[in-house]
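Undergrad: Start from the sequences and build out the full structure, keeping to the hints where you can.
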Amino acid sequence: MRLRNFVFIFLGLTLSLSLNWGGQQSVAAAQDTDYLNLYQSGKFEDALRVLEPQADAKKNDAAYHYNLGSIYLQLNRPSQAVIQLEWAHHLKPTDRDITKNRDLAREALAKVLGETHVDPASNPVERLDESFPLRQAAAALALLAGFLTLWTVLRNQPKSDPAFILGCAFLLVSLFAGIGHYAATRHPGAWVQVADVIRSGPGSQFLELSRVEPGVKLRVSDSEPRENPNPKAGEKPGEELWMQVRFSEPKETEGIGWIKVSSLLLL
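Residue numbers are given in our numbering: position 21 of the sequence shown equals residue 1062, and the series is strictly consecutive.
If you're looking for bench data, these hints aren't it; they were derived computationally from the structure.
Be a bit skeptical, because a hint or two may be false.
[As the list claims (entries may be wrong)] With a cut-off of at most 27 Å between alpha-carbon atoms, the simulated DSS-like pairs for lysine-lysine come out as follows:
1. Lys1099 <-> Lys1301
2. Lys1100 <-> Lys1141
3. Lys1084 <-> Lys1152
4. Lys1133 <-> Lys1099
5. Lys1141 <-> Lys1152
6. Lys1301 <-> Lys1100
7. Lys1099 <-> Lys1152
[Stated by the list, open to error] Label-pair distances were calculated between CB atoms; the ranges are:
8. Ala1096 <-> Thr1157: 54 to 60 Å
9. Val1214 <-> Glu1265: 33 to 39 Å
10. Ile1206 <-> Arg1252: 50 to 56 Å
11. Leu1282 <-> Leu1077: 50 to 56 Å
Cβ coordinates follow ideal geometry from the N, Cα and C atoms, glycine included.
TA: Rendered as structure tokens:
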């Protein structure tokens, strides 16, 4: 009985630490005073004018992108809100305020584009990894599995001991979670920043496959951008790079195409 209670306590502590619950200061507690006063007064356009000039200096500041995305959400500009809040989430994935507003922005964009058009390329494993931290879960379960196995060895218990069996089960689940995370991150997300066309090859001379709107999430298929093999007259080689992306859930090869790198937010 004592062992079982200890295991549950240890599991809770391990998961809490591994998932980093409550361990970071929320972006809501790190607000710019000028912005905050304007935002709380409902002067969203003025707050936007305060933030937008800071874009280059604060591109790696999660609070900045959170604030900017929250304003766009208030101004009913969901595509821009999604882009900024996804950026903030990438910088600070465990922040609950960011996650909450990002989900609200996605819902708002889905009302405009349709729910199936906001994230048309992700498969179920990729969506699971996005909504649940598989990497942290795998680490926590592997740690617990190691502890239970060591506990069994130190007590000289047979392999039929419940603690050993439980440890093996945790290790197996940890392995599947780790594989799931690896599979999900092989093709990272890329968000459309400006409306553009996906083509069958890296250049505007190739066949149009699909049109995508700002805020839509694609999946990078090939991480190396390519040059247009036949640039237009007056266009320098390498002036415009193209990225191969997945723009629909991978069932057949027509779900893969090319889009200009300049049209994407790559995180």
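Undergrad: Look at the Cβ atoms of Leu1282 and Leu1077 and judge whether their distance stays inside 50 to 56 Å.
TA: 39 Å, violated
Undergrad: Return holds or violated for the Cβ distance of Val1214 and Glu1265 against the range 33 to 39 Å.
TA: 34 Å, holds
Undergrad: So if I understand the rule, the pair passes when the alpha-carbon distance is 27 Å or less; does Lys1099 with Lys1152 pass?
TA: Not OK: Lys1099 and Lys1152 at ~30 Å, beyond 27 Å, violated.
Undergrad: Mind checking the alpha carbons of Lys1100 and Lys1141 for me, to see if they're no more than 27 Å apart?
TA: 21 Å, holds
Undergrad: Check whether the Cα positions of Lys1133 and Lys1099 lie no farther apart than 27 Å.
TA: 14 Å, holds
Undergrad: Decide if the proposed pair is consistent with the structure: Lys1141 and Lys1152, CA atoms, cutoff 27 Å inclusive.
TA: 17 Å, holds
Undergrad: Tell me if the straight-line CA distance from Lys1301 to Lys1100 falls inside 27 Å.
TA: 21 Å, holds
Undergrad: Lys1099 and Lys1301 were given as a pair; does the straight-line alpha-carbon distance stay at or below 27 Å?
TA: 25 Å, holds
Undergrad: Do the alpha carbons of Lys1084 and Lys1152 lie within 27 Å of each other, as the hint requires?
TA: Given pair Lys1084, Lys1152 holds - Cα atoms ~25 Å apart, limit 27 Å.
Undergrad: Does the Cβ distance between Ala1096 and Thr1157 fall inside 54 to 60 Å?
TA: 31 Å Cβ-Cβ, so the 54 to 60 Å window is violated.
Undergrad: Is it true that the C-beta distance of Ile1206 to Arg1252 lies inside 50 to 56 Å, as the hint says?
TA: Holds, at about 54 Å.
Checked against the numbered hints above, the structure breaks hints 7, 8, 11 and satisfies the rest.
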